[in-house]
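Participant: With full-length UniProt numbering, the residue at position 265 of the sequence shown is 265, and numbering never jumps.
One or more hints might be untrue.
Pair ranges (Cβ atoms, derived) [said to hold, decoys possible]: (1) Ser190 <-> Pro150: 36 to 46 Å; (2) Asp75 <-> Ala227: 41 to 51 Å; (3) Asp198 <-> Ala272: 28 to 38 Å.
It should be emphasised that the hints constitute simulated quantities derived from the structure, not laboratory data. Quick reminder that beta carbons are idealized off the backbone N, C-alpha and C, glycines included.
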Amino acid sequence: MFDRVRDVSESRGVDRGQGVRDRPGVRGKRLLVTGGTRGLGEQIVRLLAAEGARVATCARTASDLEALRGSLSADDSGRLFTQPLDVTEPERLENFVAASAQRFGGLDGVVACAGGSRGRSLELADAEDWAATWELNVGHTARLVRAAVPYLRTAGGGSVVVISSISGWKPGPNAQYGSAKSAQIHLAASLARELGPDGIRVNAVSPGSMLIPGRRWDRMRTEEPEAFAAFTRAELPSGGPVAPHEVARVVAFLLSDWSSGISGANLPVDRAQNAPSPDGY
C-alpha cells in the first residue's frame, strides 16, 4: 500500500527527498521592513536578520535604530541597513526604498509594518485625525509598494506583506483605524491581482490583540488582572493575546518561497479572537 502511495506522490510532482531544513527560507533575501524598531516591526526585523536575510528598516527616531543595531549580533547587524524617516513623507520613503535596493543590489520583498491611529471615537476625532490615520496606514503602504515594484520586477518577482489588523473586518471603536485597516486588506488583494503577472505576491497579515511589553494588553494584565482574565476567557478561546514573534513567523513564511502559492490572502494571527477589544461593540 505504501509503495502505491509513494508512486502516486511522485507522479503528482510532490516534493520528496528534502528535509525541512533544506527547504527555502529567507536566507540571503533582500528585504525591507517599515517601522522596525518597536513591537511587531522589531520582532520581524530580528527574525529575518537571524534567519540570514539582509534587512533594511526605518523609524522616525535615529536613536531607536541605533539601539536596535546595538542589540543584534555582529553578523545580524552587519546585514542591517537603517534610515531615520517618517513614512508619511513620500519623497523620503521613496528615497529609502531606492537606497536600500542600491545597498543590497536589489529587493526580494517588503513589509509595510508602520501603522497606528490618531484620534479616538467619532466625536473626538476630527478630519485631520482621519486623514493622518489613513496616510500612516494606507497611503504609506501604497507608496511603499509602488516604489518597490521596479526592484521586485527586476528580481523576477517577490513578496509584499501588508500588516493590517482584525479591526479591518471586526467593528469596534476608533472607526478611523478599522476603516484604514480594512482598506489595507483590500489594497493587498487588489495589488495581488495587478502585480501577479510580474511574479509579485501580495498578502495581508492581520494580528489580533498582541502582548507587547509596556503596551495596552501588558499594562492591563498587570494593572487590571481580573479584567484581563475575563477578556481572555471571553475572546481568546485558545489562550492569551498573540505574541509578536508568532506574527513575525507568519510574515517570514510569506516572504519565503515556502508560500509561493499564496497571494491575495489575508491571514489572521489572533488565536481565534472574537472581538478587537474588550470595550468594542
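Participant: Could you check the structure against the hints above and give me the numbers of any it violates, in ascending order?
Facilitator: 1
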